[in-house]
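Undergrad: Put chain B on the given structure of chain A with help from the hints.
Protein chains: 2
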Amino acid sequence: MAETLEPLERLTDMFRKLDGVGKKSAARYAFCVLNFSEQEARDFAEAILAAKTEIRKCSVCCNITTGEKCKICESPARDHSIVCVVEDPRAVMAIEKTRQYNGVYHVLHGTISPMRGVTPDKLTIRELLARLNNSAVSELILATNPTVEGEATAMYIARLASPLGVKVTRIANGVPVGGDLEYADEVTLRRAMEGRYSIN
Amino acid sequence: MAETLEPLERLTDMFRKLDGVGKKSAARYAFCVLNFSEQEARDFAEAILAAKTEIRKCSVCCNITTGEKCKICESPARDHSIVCVVEDPRAVMAIEKTRQYNGVYHVLHGTISPMRGVTPDKLTIRELLARLNNSAVSELILATNPTVEGEATAMYIARLASPLGVKVTRIANGVPVGGDLEYADEVTLRRAMEGRYSIN
Numbered sequence: 004m005a006e007t008l009e010p011l012e013r014l015t016d017m018f019r020k021l022d023g024v025g026k027k028s029a030a031r032y033a034f035c036v037l038n039f040s041e042q043e044a045r046d047f048a049e050a051i052l053a054a055k056t057e058i059r060k061c062s063v064c065c066n067i068t069t070g071e072k073c074k075i076c077e078s079p080a081r082d083h084s085i086v087c088v089v090e091d092p093r094a095v096m097a098i099e100k101t102r103q104y105n106g107v108y109h110v111l112h113g114t115i116s117p118m119r120g121v122t123p124d125k126l127t128i129r130e131l132l133a134r135l136n137n138s139a140v141s142e143l144i145l146a147t148n149p150t151v152e153g154e155a156t157a158m159y160i161a162r163l164a165s166p167l168g169v170k171v172t173r174i175a176n177g178v179p180v181g182g183d184l185e186y187a188d189e190v191t192l193r194r195a196m197e198g199r200y201s202i203n
Numbered sequence: 004m005a006e007t008l009e010p011l012e013r014l015t016d017m018f019r020k021l022d023g024v025g026k027k028s029a030a031r032y033a034f035c036v037l038n039f040s041e042q043e044a045r046d047f048a049e050a051i052l053a054a055k056t057e058i059r060k061c062s063v064c065c066n067i068t069t070g071e072k073c074k075i076c077e078s079p080a081r082d083h084s085i086v087c088v089v090e091d092p093r094a095v096m097a098i099e100k101t102r103q104y105n106g107v108y109h110v111l112h113g114t115i116s117p118m119r120g121v122t123p124d125k126l127t128i129r130e131l132l133a134r135l136n137n138s139a140v141s142e143l144i145l146a147t148n149p150t151v152e153g154e155a156t157a158m159y160i161a162r163l164a165s166p167l168g169v170k171v172t173r174i175a176n177g178v179p180v181g182g183d184l185e186y187a188d189e190v191t192l193r194r195a196m197e198g199r200y201s202i203n
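These protein sequence lines map, in sequence, to chains A and B. For the first sequence, my numbering assigns the number 4 to the initial residue and increments by one for each residue that follows. For the second sequence, my numbering assigns the number 4 to the initial residue and increments by one for each residue that follows.
Treat the hints with care, since some could be wrong.
Pairs count within a copy or across copies, as identical chains cannot be separated in the list.
Claimed, not checked - Capping the alpha-carbon separation at 16 Å, the derived lysine to aspartate or glutamate pairs in EDC-like fashion look like this:
no., residue 1, residue 2
1, 26, 142
2, 20, 46
3, 20, 41
4, 60, 41
5, 20, 183
6, 74, 90
7, 27, 152
8, 60, 9
9, 72, 188
10, 20, 43
11, 60, 22
12, 125, 185
13, 60, 71
14, 125, 90
15, 20, 49
16, 74, 9
Everything labelled a hint here was simulated from the structure, so no lab data went into it.
Next comes chain A alone, as it looks inside the complex (with noise of 0.2 Å):
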């Protein structure tokens, strides 16, 4: 006999298919915009579809961005002979926040997984490789996570982008600032041994 309320339910499932939010979470987040203010409601609702309408890929590095070109892509002050490939916009913030690094991104919205489905042709590849042949390009670091997906996307990308001239890096593996060698895995430190290597 328990009232299973329509627009709950709906707003419910919802919030289930944000990552990493399961049917309690879901719930909780459900009740917490009941107690928002009307005026907070719709700030909400009109927040998603201004992200989802005004946020769209950068022409060039496809990272996300309001305009047709991201602030990095349009800056003079970057060098764009560098060219930084990163899994998702957020490590492009992770890596903005060094202020360390002076090139530009492309990001491939995702890894290459056979088993969820994920294709090269579903990533920002062929993309990648139209601006290697069109503009002057002298490294390409590769900065996907390390991971197995990881590893294996930044391997068939160096295997594509050696023939064509250009320099191929991968960002090192190490052991983590603030870390003890003592708790470090043996792979990590043998990696840290080699630090930033070049794979072409």
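TA: Okay, now just chain B, sitting in the frame of chain A:
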């Protein structure tokens, strides 16, 4: 030089308003929305507005409903002389799931908490007292959470309801089913001995 996208920031800020959502989770959710289809984003926005506009408080028990009265208050099969007082609509759902309780409810929408500025008049205690005065209620079951604030709220309501000649009870504390006596704290164990108790 990290580009902050205003629509993305705005959406992240909205997600942060949800209970238990921090900076990192909010950003992750906002990026999820970017990966939604246009239709999904529209559905999400509409679900928020619908939940806010279509769901209101039952005129009798203050539980959430889409009509004027909730299904439980409208049902002739329920015993309207037993009223179970709970903190929020989720507690109603939890009790309904047991399929054991045949009375009706009263939803407080919170607990008294002077620290957080929640005084008794912010809850639906006035509506509860009006209900006790105007209809034949034989038992009031106080089912607020067994926390400091839940207990204090139960005691406050008990003191107001007792002079009206209604039997006031409190749900039993005890060892949870599936739990182990060895690991139960002393207070819980002592309460488990007592079972449901009358406080007037």
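Undergrad: Against each hint, give a clear statement of whether it holds in the structure.
TA: Comparing the hints with the structure gives:
| no. | hint | result |
| --- | --- | --- |
| 1 | 26 with 142 | neither (46 Å within a copy, 34 Å between copies) |
| 2 | 20 with 46 | between (20 Å within a copy, 12 Å between copies) |
| 3 | 20 with 41 | between (24 Å within a copy, 14 Å between copies) |
| 4 | 60 with 41 | between (32 Å within a copy, 15 Å between copies) |
| 5 | 20 with 183 | neither (38 Å within a copy, 37 Å between copies) |
| 6 | 74 with 90 | neither (19 Å within a copy, 50 Å between copies) |
| 7 | 27 with 152 | neither (30 Å within a copy, 23 Å between copies) |
| 8 | 60 with 9 | between (35 Å within a copy, 15 Å between copies) |
| 9 | 72 with 188 | neither (41 Å within a copy, 61 Å between copies) |
| 10 | 20 with 43 | between (21 Å within a copy, 9 Å between copies) |
| 11 | 60 with 22 | neither (21 Å within a copy, 31 Å between copies) |
| 12 | 125 with 185 | neither (40 Å within a copy, 56 Å between copies) |
| 13 | 60 with 71 | within (8 Å within a copy, 47 Å between copies) |
| 14 | 125 with 90 | within (12 Å within a copy, 49 Å between copies) |
| 15 | 20 with 49 | between (18 Å within a copy, 15 Å between copies) |
| 16 | 74 with 9 | between (43 Å within a copy, 13 Å between copies) |
Violated hints, in rising order: 1, 5, 6, 7, 9, 11, 12; the structure is consistent with all others.
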